[in-house]
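*Asks:* Just so you know, the sequences run in chain order P and Z. For the first sequence, the tail end lands on 332 under the working numbering, and the numbers increase by one without skipping. For the second sequence, the tail end lands on 1332 under the working numbering, and the numbers increase by one without skipping.
Take these hints with a grain of salt, some might be off.
[As the list claims (entries may be wrong)] Straight-line Cα separation of at most 20 angstroms, SDA-like style, residue types lysine to any residue; simulated pairs:
{"no.": "1", "chain 1": "P", "residue 1": "Lys231", "chain 2": "P", "residue 2": "Gly88"}
{"no.": "2", "chain 1": "P", "residue 1": "Lys139", "chain 2": "Z", "residue 2": "Ser1070"}
{"no.": "3", "chain 1": "P", "residue 1": "Lys314", "chain 2": "Z", "residue 2": "Asp1312"}
Hints listed in this document are in silico derivations from the structure and should not be mistaken for laboratory results.
Number of protein chains: 2
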Amino acid sequence: MVMRTLAASLLSIGVIVTSMQVSAANEPIQPIKPVKPENAELVELGKMLFFDPRLSKSGFISCNSCHNLSMGGTDNIKTSIGHKWQQGPINAPTVLNASMNLAQFWDGRAKDLKEQAGGPIANPGEMASTHDMAVKVIKSIPQYQAQFDKAFGSKEVDIDRVTTAIAAFEETLVTPDSRFDKWLEGDKDALTKEELEGYKLFKSSGCTKCHNGPVVGGNSFEKMGVYKPYKTDNPAVGRMEVTGKEDDRFVFKVPTLRNVELTYPYFHDGGAASLEEAVEIMGKLQVNREFNKEEIANIVAFLKTLTGKQPDFKLPILPPSNNSTPKPQPFE
Amino acid sequence: MVMRTLAASLLSIGVIVTSMQVSAANEPIQPIKPVKPENAELVELGKMLFFDPRLSKSGFISCNSCHNLSMGGTDNIKTSIGHKWQQGPINAPTVLNASMNLAQFWDGRAKDLKEQAGGPIANPGEMASTHDMAVKVIKSIPQYQAQFDKAFGSKEVDIDRVTTAIAAFEETLVTPDSRFDKWLEGDKDALTKEELEGYKLFKSSGCTKCHNGPVVGGNSFEKMGVYKPYKTDNPAVGRMEVTGKEDDRFVFKVPTLRNVELTYPYFHDGGAASLEEAVEIMGKLQVNREFNKEEIANIVAFLKTLTGKQPDFKLPILPPSNNSTPKPQPFE
């Protein structure tokens, strides 16, 4: 009776509405927050560099080639294509929301986006340039120098500044406003019954033990194949490559599930072509659970609600090379 | 005396100002006019397809890979990179203002942009897909079907519609508002003394015999090497490939000089790395003229005034593949 009266009072002053809302604070997943870059000129410079294939030896491969911002920040192929069509060793992780990962690359060998950005440029199997050559190319272009001046306060170009700018741009690549985030923020109509069922099962089965926080992953290293071994021809050993410890064999950074509908194929080897396949395998290997068809469909429906606002900017126009710019060497 | 009075009268009523302005009608080059697309949904669809690497076998090469709209609609390498890093036979021509060419490809083998668009998709050395496969991929994606519905009035996807849409997008890729066009339209301060000297020499030497009209070329086929033969290792024979006539050996479509500052390297074989080199060679071979250093510098200065407004749109976001979409085959 007292309760009913209290409820009625709360209702009458509108408080009940708030208390009935989903509280993101009580959920293992938190909403993605939009970012406001501090230095817009630095972001603009980073965007140009991200799209500039002259950072590669061939003049053909840019950051955007494998982290294609038209396609969820990935290349949507099992393992990437590098200089002279070399087959990459691992699936290109999405650059979307990557700033919130605890470290970069599947094995976490780069501590942040800036350190990551320098990797592919100088990797002979990827962009196949060198930091010296990349800097020489960019430095030769007066319009780039002017943009460095705006971004850093002086025209000097070095690899530290190049990677700082790319990282600053990448930090803007967050994807707020997914339907799931709307639900987290109190819009209980944002999800269908199936999607909500899927989310509940995702939590109750233990998936959120690793896939949690704002990026639904990205904040821990975990073994691939906890209850059963993961079968793959891919030779990557994961975290062990970094730590040298046998215990870290097949330990990888937990990938973000944000925009997972767009970032197929899945796992470090790109071994799962569909979300259904990925959920089934993860169930068996990681949480010791054989999901039935309906359960898989519900979890997949939930996962598709994690697609947020995609990159929203104009295609950057790159300043031309000139007679002093080193030439690309696509066939050497 | 009569003349002076007339002049004074004209001046007094402001007519003399008009008569002193440059009249584009009297120049061999005309300004580029902006275009207003009739069907915005068709253009939007074409833009998505232009950026979609799923039109290629590998899932890695899109129209934009070799006609990069961040880089003057070209790839800025001598000859393009195709499927499995095959070396292309010829320099990728710019897609900017290409709608105004009398025909497409260097040898004019496609009559328009629509016919052109189908070529690279199915060329084993370029995107290496087939029209059937490209259609199958696009048709499998409901969001694409919805865009076809908006653009064409029904969801049906076929290669005719795919290439119609790409061509409609490409028709919007015109580059008005260059400094030269401003000068043509009466702003006599738009060019420096050197640029104007360069233009005068460009005309008086006979360059405008072929490089004329709104796109400064693109409206005739001409022999490469009129006064002296052009030396190249490139086996392309040009127009002869289409007509079978020996007279058409080394006859190529005259390339546009619009945005030529951005479309290096030059000639059908990409053989000239710099504008200076290109002008020097063209002088000797095509108009029988040995330009001195200052003359070359002036002509190059003029050519750089032909850079117009570059593509200005948001990076398209592509709809994801799904379980029924054929998979890319990058390494097959």
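*Asks:* It remains to establish, for every hint, whether it holds in the given structure.
*Replies:* To see whether the hints hold, each was checked on the structure:
Taking the CA atoms of Lys231 (chain P) and Gly88 (chain P), the gap is about 19 angstroms. The hint holds against a cut of 20 angstroms. Annotation: proposed proximity of Lys139 (chain P) to Ser1070 (chain Z) holds, straight-line Cα distance about 19 angstroms (limit 20 angstroms). Annotation: proposed proximity of Lys314 (chain P) to Asp1312 (chain Z) holds, straight-line Cα distance about 7 angstroms (limit 20 angstroms).
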